[in-house]
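From just these sequences and the hints, can you work out the full model?
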Amino acid sequence: QKEVEQNSGPLSVPEGAIASLNCTYSDRGSQSFFWYRQYSGKSPELIMFIYSNGDKEDGRFTAQLNKASQYVSLLIRDSQPSDSATYLCAVNRNSGYALNFGKGTSLLVTP
Amino acid sequence: DVKVTQSSRYLVKRTGEKVFLECVQDMDHENMFWYRQDPGLGLRLIYFSYDVKMKEKGDIPEGYSVSREKKERFSLILESASTNQTSMYLCASSFTGSRAPLHFGNGTRLTVT
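Those protein sequence lines, which keep their order, are chains A and B. This note's numbering applies: residue 1 is where the first sequence begins, and numbers increase by one. This note's numbering applies: residue 1 is where the second sequence begins, and numbers increase by one.
In case anyone wonders, no lab produced these hints; they're calculated from the structure. Honestly, I wouldn't trust all of these hints.
[What the hints assert, rightly or not] Chain A regions said to be covered by chain B (calculated; three or more residues, Cβ under 8 Å):
1) 15-28
2) 59-65
3) 83-96
4) 102-111
[Stated by the list, open to error] Which chain A residues face chain B? A few, computed with CB under 7 Å, are given here:
5) L46
6) F49
7) L99
Just so you know, even glycine gets a beta-carbon here, dropped at the ideal spot from N, CA and C.
This is the structure:
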């Protein structure tokens, strides 16, 4: 099975800092990349998606994609305590429409 | 807003029972999925469906079956529940297309005793 790898963390950053979350994937045929946020006891919610190499910005969030290195990252600027959650990286499967998920990185933003 | 509704938030069943988990989406999505999520194992795909009456096995289909009689409804069936099926079950739906994100329901936390 194609894999999506993330550091489990926890990643701890002070309030106001930039949080950097990383993800690597093994399937070179993958075309679509998603970041989900999951609060404890809740279901994943989509926060960003990216399809092309480079950066994509949405408010305080920036997704970065490097297909040659098979690497996706999520930057959260001006981190807030409410950003404390587990962040899941997801990659489309080469066949079909399901997504493969990483195990998630736990982010803790300390006041 | 996409709404994916799972019928139960918490469920407690006994070993050997037949268990039905229901999921309904209101966005006319073609695709529906069932994942389970366990600590340390992440989200794993159980079954999925791209059309009514169509179903495909995911990565861990053993001990499960599914039913999709209507486009908006996708049911997960545990034929004979076992303790190792204690988990968080997440239903998701999406439009067709490799760029379509998945939208998740609130999840059903199933405990099998």
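Verification of the supplied hints:
1. Remark: the segment 15-28 of chain A is not confirmed as covered by chain B, as 0 of its residues place a Cβ nearer than 8 Å to a Cβ of that chain, below the required three.
2. Evaluation of the coverage hint for the segment 59-65 of chain A: breached, as 0 residues show C-beta separations to chain B shorter than 8 Å, against a requirement of three.
3. Given as covered by chain B, the segment 83-96 of chain A passes the check, having 4 residues with a CB less than 8 Å from a CB of that chain where 3 are the minimum.
4. Here the segment 102-111 of chain A counts 3 residues with a CB under 8 Å from a CB of chain B, which clears the bar of 3, and the coverage holds.
5. Using the Cβ-Cβ criterion of 7 Å, the hint placing L46 of chain A at the interface with chain B is satisfied: the shortest such distance is roughly 5 Å.
6. The closest approach between the C-beta of F49 of chain A and any C-beta of chain B is roughly 6 Å, which is under the 7 Å cut-off, so the hint is satisfied.
7. Given the 7 Å rule on beta carbons, the hint for L99 of chain A holds: about 6 Å separates it from the nearest Cβ of chain B.
Checked against the numbered hints listed earlier, the structure breaks hints 1, 2; every other hint is satisfied.
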